[in-house]
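> Protein chains in written order, with the working numbering: chain A, 1 to 140; chain B, 1 to 119.
Do not take every clue at face value.
With a straight-line Cα cutoff of 20 Å, these simulated EDC-like cross-link-like pairs (lysine to aspartate or glutamate) come out [said to hold, decoys possible]:
no.: 1; chain 1: A; residue 1: LYS130; chain 2: B; residue 2: ASP10
no.: 2; chain 1: A; residue 1: LYS118; chain 2: B; residue 2: GLU43
no.: 3; chain 1: B; residue 1: LYS60; chain 2: A; residue 2: GLU113
no.: 4; chain 1: B; residue 1: LYS97; chain 2: A; residue 2: GLU90
no.: 5; chain 1: B; residue 1: LYS97; chain 2: A; residue 2: ASP95
no.: 6; chain 1: A; residue 1: LYS130; chain 2: B; residue 2: GLU3
no.: 7; chain 1: B; residue 1: LYS97; chain 2: A; residue 2: ASP62
no.: 8; chain 1: B; residue 1: LYS60; chain 2: B; residue 2: ASP10
The hints are simulated quantities; they were obtained by calculation from the structure and are not laboratory data.
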Amino acid sequence: MLIFLRDVSGGDWDAEQRFESHAKLAGNVKFTWTIKKKTKRWLGATLAALFCLWLAFVAYIDWAMHQPPEVFAHVMARMPMPAYFLFPFETMWFDARKGTLSAGDLAPDFTVETLSTKTPTQLASLWADKPVVLVFGSYT
Amino acid sequence: MSEQFKGKVDFYAVYILEAHPTDVWEMQSNVTDKVLFRSPRDEEERATVAGTCVRKLGIKFPALVDRFDNKVESAYTGWPDRLYLIAPQGRVLYKSKPGPFGFHPDDLAAAIRRLVGKY
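With the rest of the complex left out, here is chain A:
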């Protein structure tokens, strides 16, 4: 059995689809698709354009991740949740926030304020004699 389908609406669609159905004695059915070159080119161009858009989007997110936290937060606040799944967030985040400090380096020394007494404290004085854990964070 051979079936031809053609769009006669006069629109842009010009692909012809030919279905071949071979009903064999064993009951197997075989379908074959034939798509015209023009349609293939159109599909290829669309996919290429979408890929370029995706690359640009990922590049923008990567740029934002390398900015100070306030800038990054402003960018992400405007991002709809589904967009989070369009790029490898965790991998990119780990890379962007790896910083310049590594295990084995000397911990930078700064003056900070002790919350309870509001007095200045040198970080280096904390680890002069004993190991120290620093837990960075905020309430929100």
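Got chain A sorted already, so can you dock chain B onto it with the hints?
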């Protein structure tokens, strides 16, 4: 954990700029938990929010507050949260991956056990 290693390792909270202030990047989870604070406008406001945090979360170890120039956060890339273990004399022994995904207290505990075993 700070109680578990008391006497061997000192714990300090370093309070830095807000992760999800209401005026920048408010999260639904914060709305649910009623943790709603705008970005502090000065060091005093930051200290006030830090105090609320310590009180509400029952943090038993001392808290330090980063200055408004965020130099400590910048040097340690501590935002939004991060863990460090620093040996006596200041060598970094353990640096967690950045939070939230990389904030793993279990890994820190393992690093502390390796360190404490040497003393």
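> Are the Cα positions of LYS60/B and ASP10/B separated by 20 Å at most?
Roughly 11 Å separates the two Cα atoms, so the pair holds.
> For the pair supplied as a hint, LYS60/B and GLU113/A, is the alpha-carbon distance within the 20 Å limit?
holds, 17 Å
> Holds or violated: LYS118/A with GLU43/B, Cα cutoff 20 Å?
Given pair LYS118/A, GLU43/B holds - Cα atoms ~11 Å apart, limit 20 Å.
> What's the verdict on LYS130/A and GLU3/B, does the C-alpha distance respect the 20 Å limit or exceed it?
holds, 15 Å
> Regarding the pair LYS97/B and ASP62/A, is the alpha-carbon distance no greater than 20 Å?
holds, 17 Å
> Does ASP10/B lie within 20 Å of LYS130/A when you go C-alpha to C-alpha?
holds, 7 Å
> With a cut-off of 20 Å on the C-alpha distance, tell me whether LYS97/B and ASP95/A pass.
Cα-Cα ~9 Å, so holds.
> Measure nothing beyond the straight line between the CA atoms of LYS97/B and GLU90/A; if it is 20 Å or shorter, mark the hint as holding.
Satisfied, since the Cα-Cα distance of roughly 10 Å is no more than 20 Å.
Going through the hint list in order, the structure satisfies each hint without exception.
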